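Protein chains in written order, with the working numbering: chain A, 1 to 91; chain B, 1001 to 1210.
These are calculated hints, taken from the structure and not from any lab test.
Be a bit skeptical, because a hint or two may be false.
As the list claims (entries may be wrong) - For the chain A half of the interface with chain B, some residues (derived, Cβ under 7 Å), not all of them:
| no. | residue |
| --- | --- |
| 1 | LEU8 |
| 2 | ILE80 |
| 3 | PHE83 |
| 4 | GLY88 |
| 5 | ILE89 |
If you're wondering where the values come from, they're calculated on a predicted model, not measured in any experiment.
Quick reminder that beta carbons are idealized off the backbone N, C-alpha and C, glycines included.
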Amino acid sequence: MKKRRSKLRILADILKVVESENGARITQILYGANLSYERLTKYLKELKEKGLLVEREENGVTRYYLTQKGMEFLREFRRISRFAEAFGIEL
Amino acid sequence: MLYLLVPLISDFAGTIILLLLTTLSYRAYKLTGYKVFLAFFLGFSLLASSSFVNFLTLLLVMGRIVSKPFSVIAVASSNMLSLIVEIVAYSWIAMAYFEVHKRSKEAVLTVFPLFMMLGNLVELLLLSFITIQSIGVYFDSRKKSALIVTVSFSLLLFSQILRLMQLSLGRRHPYTPPLFILSKVLYFAALLCLLALVLEVVRTDEKEKI
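Pulled out of the complex, with its shape left as it was, chain B reads as follows:
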């Protein structure tokens, strides 16, 4: 149970820090009347509440106030709730940033990488899942074709990681070398692997005909 002390303290401290930011955002809104501060206020207050819910759940679990099966449900529910609340909170903060840059010519440049980043992140998660599954398939069958698929998806995964790195590092220049070029090379190598798979399949097909 002692290992839970670190997240407990960090959640408690996090709640206080986020509440301070919430207060500052509200005071800024009160002084200026700018809607952007209202968005920051909503974002930070939601993050603070999420952190507080996590703190309370850990406290319940550590204090053994709830039974073990119930504590598992409590932790899972609180994590799920936190996730949803955090998504809403970050959306408010992102909207606030968009509001800040709305009138500038860079508005598109600030929104475009965000969507690209989100899309690429989803792709990365999916590719990770696919790669892990294909590794499992290879270890089950030990077939050459399964190995080719595994290598191919692994290369696609690495290519995706490089694309994400490129987006976060050189967001103003979407075609910044060398990450862009390396990512493309890996992508092409993955396609070559898939071509090898096609050839392998066709060759096997021809062998069977004979």
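Next up, chain A with everything else stripped away, as it sits in the complex:
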């Protein structure tokens, strides 16, 4: 049985998809982060409120971009993830 992801990991997964797409559409995040539409919109709202993501309208399409704070968060998450792994802790 697969382990449930922590909220922190889900948020990081969303940010990773946005980072890799360099401006991701909601469907790309949906597949990339493996989330339902309802849960994704809830998390996207939270990430925007925390200032980690920004939403932009481009040619009638909504795209999400990482902010400076979002990039720093992702960098810190990766660092801490590696640190935690060394002690057998899953984030």
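Following the hints, put chain B in place on chain A, whose structure we already have.
Leaving out everything else, chain B in the frame of chain A:
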């Protein structure tokens, strides 16, 4: 005094490395809110402070800032303090590891060897002390019975060393051969030596009666 340079440098470098780990643990706690990182933070920060106290003491001694009798007291106190702080620090880190494995079915398997290891380590120290004392007794008296006791305790000591090795190497399987079997053989040989002592004592007793 130059020979103190190596521990001085290692204590200083150790303090910095441990402070880096302390910082990472704190950042991990801040990001995740997991209590386990708080335990690691406390453990590493205590180890860093212990290392720093050792560094400061060595610096005082090397710089001859304190008088010789005072430096002896300073070194002894700092060593004692370090020991206590390190025990507390490792307890925090051990608790953190226990917290990590708490929910897994292996929780008992991670705690059980730890207690076994601690208990066996205490036994090893006690047996070492007993063996050294019995060797002293033999060299003083040169009696056969004293030799039997020395051999017996030495065998018990070797058996204990093997038990500790077995616990650290095959902790998931407490009865891993061949260390387990060898340890048992040595233990039995020690008991045979003690039996020989009993026989020796009884025989002497009978001789005296006659």
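Worksheet item: If you check each hint against the structure, which ones fail?
Response: none
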